[in-house]
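Trainee: Kindly generate the complete structure, drawing on both the sequences and the hints.
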Amino acid sequence: MAGQTLYDKLWSQHLVKERDDGTALIYIDRQLLHEVTSPQAFEGLRLAGRKPWRLDANLATPDHNVPTTVKERAEGNAGIKDPVSLIQVQTLDDNCVEFGIEEFKINDPRQGIVHVVGPEQGATLPGMTVVCGDSHTATHGAFAALAHGIGTSEVEHVLATQCLLAQKMKNMQVRVEGKLGVGVTAKDVVLAIIGKIGTAGGTGYAIEFAGSAIRDLSMEGRMTVCNMAIEAGARVGLIAVDDTTIEYLAERPFAPRGEQWQAAVADWRNLVSDSDAEFDKVVTLDAAEIEPQVSWGTSPEMVTGISGEVPDPAEQDDDTVKRGYTRALEYMGLAPKQKITDIKLDKVFIGSCTNSRIEDLREAAKVAKGQKVAASIELAMVVPGSGLVKRQAEAEGLDKIFIEAGFEWREPGCSMCLAMNADKLGAGEHCASTSNRNFEGRQGYGGRTHLVSPAMAAAAAIAGHFVDVRRLDAQPVTEEA
Amino acid sequence: MRKFERTEGLVAPLDRANVDTDLIIPKQFLKSIKRTGFGVNLFDELRYLDEGQPGQDCSQRPLNPEFVLNQPRYQGASVLLARRNFGCGSSREHAPWALEDFGFRVVIAPSFADIFYNNAFKNGLLLVTLPEDVIDRLFREVEANEGYRLDVDLENQRVITPSGEILEFEVDAFRKHCLLEGLDDIGITLQDEDAIRAFEAKHRQERPWLFRDSAQA
Ligand code: SF4
Numbered sequence: 001m002a003g004q005t006l007y008d009k010l011w012s013q014h015l016v017k018e019r020d021d022g023t024a025l026i027y028i029d030r031q032l033l034h035e036v037t038s039p040q041a042f043e044g045l046r047l048a049g050r051k052p053w054r055l056d057a058n059l060a061t062p063d064h065n066v067p068t069t070v071k072e073r074a075e076g077n078a079g080i081k082d083p084v085s086l087i088q089v090q091t092l093d094d095n096c097v098e099f100g101i102e103e104f105k106i107n108d109p110r111q112g113i114v115h116v117v118g119p120e121q122g123a124t125l126p127g128m129t130v131v132c133g134d135s136h137t138a139t140h141g142a143f144a145a146l147a148h149g150i151g152t153s154e155v156e157h158v159l160a161t162q163c164l165l166a167q168k169m170k171n172m173q174v175r176v177e178g179k180l181g182v183g184v185t186a187k188d189v190v191l192a193i194i195g196k197i198g199t200a201g202g203t204g205y206a207i208e209f210a211g212s213a214i215r216d217l218s219m220e221g222r223m224t225v226c227n228m229a230i231e232a233g234a235r236v237g238l239i240a241v242d243d244t245t246i247e248y249l250a251e252r253p254f255a256p257r258g259e260q261w262q263a264a265v266a267d268w269r270n271l272v273s274d275s276d277a278e279f280d281k282v283v284t285l286d287a288a289e290i291e292p293q294v295s296w297g298t299s300p301e302m303v304t305g306i307s308g309e310v311p312d313p314a315e316q317d318d319d320t321v322k323r324g325y326t327r328a329l330e331y332m333g334l335a336p337k338q339k340i341t342d343i344k345l346d347k348v349f350i351g352s353c354t355n356s357r358i359e360d361l362r363e364a365a366k367v368a369k370g371q372k373v374a375a376s377i378e379l380a381m382v383v384p385g386s387g388l389v390k391r392q393a394e395a396e397g398l399d400k401i402f403i404e405a406g407f408e409w410r411e412p413g414c415s416m417c418l419a420m421n422a423d424k425l426g427a428g429e430h431c432a433s434t435s436n437r438n439f440e441g442r443q444g445y446g447g448r449t450h451l452v453s454p455a456m457a458a459a460a461a462i463a464g465h466f467v468d469v470r471r472l473d474a475q476p477v478t479e480e481a
Numbered sequence: 001m002r003k004f005e006r007t008e009g010l011v012a013p014l015d016r017a018n019v020d021t022d023l024i025i026p027k028q029f030l031k032s033i034k035r036t037g038f039g040v041n042l043f044d045e046l047r048y049l050d051e052g053q054p055g056q057d058c059s060q061r062p063l064n065p066e067f068v069l070n071q072p073r074y075q076g077a078s079v080l081l082a083r084r085n086f087g088c089g090s091s092r093e094h095a096p097w098a099l100e101d102f103g104f105r106v107v108i109a110p111s112f113a114d115i116f117y118n119n120a121f122k123n124g125l126l127l128v129t130l131p132e133d134v135i136d137r138l139f140r141e142v143e144a145n146e147g148y149r150l151d152v153d154l155e156n157q158r159v160i161t162p163s164g165e166i167l168e169f170e171v172d173a174f175r176k177h178c179l180l181e182g183l184d185d186i187g188i189t190l191q192d193e194d195a196i197r198a199f200e201a202k203h204r205q206e207r208p209w210l211f212r213d214s215a216q217a
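Chains H and G supply the protein sequences, listed in that same order. Throughout the first sequence, residue numbering follows the UniProt record's numbering, covering 1 to 481 in sequence. Throughout the second sequence, residue numbering follows the UniProt record's numbering, covering 1 to 217 in sequence.
The set of hints was computed from the structure by calculation and includes no laboratory data. Hints are supplied without guarantee of correctness; some may be wrong.
Calculated pairs, BS3-like style, for lysine-lysine (alpha carbon to alpha carbon, straight line, at most 25 Å) [unchecked claim]:
(1) H/Lys-17 with G/Lys-176
(2) H/Lys-71 with H/Lys-400
(3) G/Lys-202 with H/Lys-400
(4) H/Lys-81 with H/Lys-51
(5) H/Lys-339 with H/Lys-9
(6) H/Lys-51 with G/Lys-202
(7) H/Lys-17 with G/Lys-202
(8) G/Lys-31 with H/Lys-105
(9) H/Lys-196 with H/Lys-339
(10) H/Lys-344 with G/Lys-176
(11) G/Lys-34 with H/Lys-81
(12) H/Lys-17 with H/Lys-179
(13) H/Lys-281 with H/Lys-196
(14) G/Lys-122 with H/Lys-17
Beyond 12 Å from chain H on every Cβ pair, some chain G residues (computed) [unchecked claim]:
(15) Leu-10
(16) Pro-65
(17) Tyr-117
(18) Leu-130
(19) Asn-145
All C-beta atoms in this analysis are idealised placements derived from N, C-alpha and C, irrespective of residue type, glycine included.
Mentor: Below you can see the structure in the form of structure tokens.
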């Protein structure tokens, strides 16, 4: 018999019951909650007179609607000016009190984007099933946790039953072998993967990211890769446990202690695909060939290397692709064959659950140090993923580097990733963004998003247009600005 | 989910094909944090003469006197008689929430859109499919007779008219069971409560660190 994949192992460790129609009941170890997708779920519990099945499995924090300026945040919830947003955050607070769920409130130093907070607290552990009413829950798969994004009805279902109705997915392995070039990061790896397999390439699969280039990534980098599994169409992204995973988790507040820690680590060592496991599909990339990536269109698969150019729709054979490209270029205000380095920017956003962890901020700060944001850039902002990331960055003096360079240094939250708070793009504005989605209107009505790594975003802020971070040492960017 | 009880109710006719979910509940009301309270905005664009905003006091808004649900003779209706392809459009669960919240227990039509069909049954709303010619006749009878009521008996899968005529309908056995028992997905999963508890106990024993209370003991 062939060995098991990591996904197979996690699935069978949580299988409560299989039904005749192929659906299964799987047990959920951790549910993360935020203000946008939970209110109707709590309301449903209330109407049915139900209680959460297991309180300690849940952890909540507001993130999507919270304002990010220091002044507004100082006022707590009262600083939220949009009344609809305020009600959503207030409702999360009230529900957590009523049902007894632990919440990191708006001004708790541990508050932040759920997908940053979970791992940072050790609330995400290897071998867990993790759910959240948010599609980027795949992030947690970096810890060899089976992590699903779910809908509001399912949030209620998990609260009430501690289980999820699910169907087993197929297994895909994406191998990235070799060494990444200097200046090439996890974000570039995942954008290159999406560029290769497409946004539907992973549909129906759980993707395990493997290979030496993935092994070489830090936990922060691995989270960035798994975060965007959903942009490749897969609800689940996974990376096997190794020393990097275990070192990251030691001493985290929610992590096991003492003997429990020893036992847990011994168990976690098995959370790897067996050497003879069979995948339904395998995709391989050569790390050395990956350049810093920039998305030019309105879907994450519309991406290319920094030395590339915007494609010409007329050169596409497939009619659907041709129409899609034409529409995307029109929306983005770009010309066929325009060089990526000729794309001028209006705003720069460094943040989101993809790239707002300490390592991301360090990489951006390295580029920004001693430089100035170009005069043509209207706003360049850095939004840390959590209060603890912010503190750490300030302890390292990164905030000063950013502020001196002309970036705004903000309070933690989702911010301009989806523009549910006041941080938005104006119509027609181009933004270098470290987030994960470049859909039409995502960052504001008519806004034009280009997905890039933190270092590339910082470099673009200084130059006023995209530049190749790999060339920065040789060529001072101030000249280009 | 509430159990579906046999409904002997006043019928309101909505004489329009392809009623979509946007018409049932417009998008601006989806910002709500609740699953209830959508009733006042059911068919908002048809019902009121102004543009509705979330959180507004609807009792102050100008009503469209032409719209069927605003007519005195249909106040308190619990059965909606509708036309072909009712509930087409988006997947919003807010559509059945709004119909239910308004007070409808049954919608009778020649056909329904797929996703709406699923969503309705998940939320305790019975959808009855009857042939087009029968629906035509019912529309004529409702309009001709003020106070026209239908008796909807899910158990025996039949609708009984005031004259005693019996109209039989089909419904999938599993959905019927869930509706009669008041079982939603959660209710059904909770029928496996023992299996979940047994799994949980074993899981805790094998991997205690996954449970916060035993992880740091
Ligand atoms: S940062 Fe963006 S993608 Fe991530 S959870 Fe928030 S809104 Fe969603």
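Trainee: Which numbered hints does this structure break?
Mentor: Hints 3, 4, 5, 10 and 12 are the ones this structure does not satisfy, whereas the remaining hints hold.
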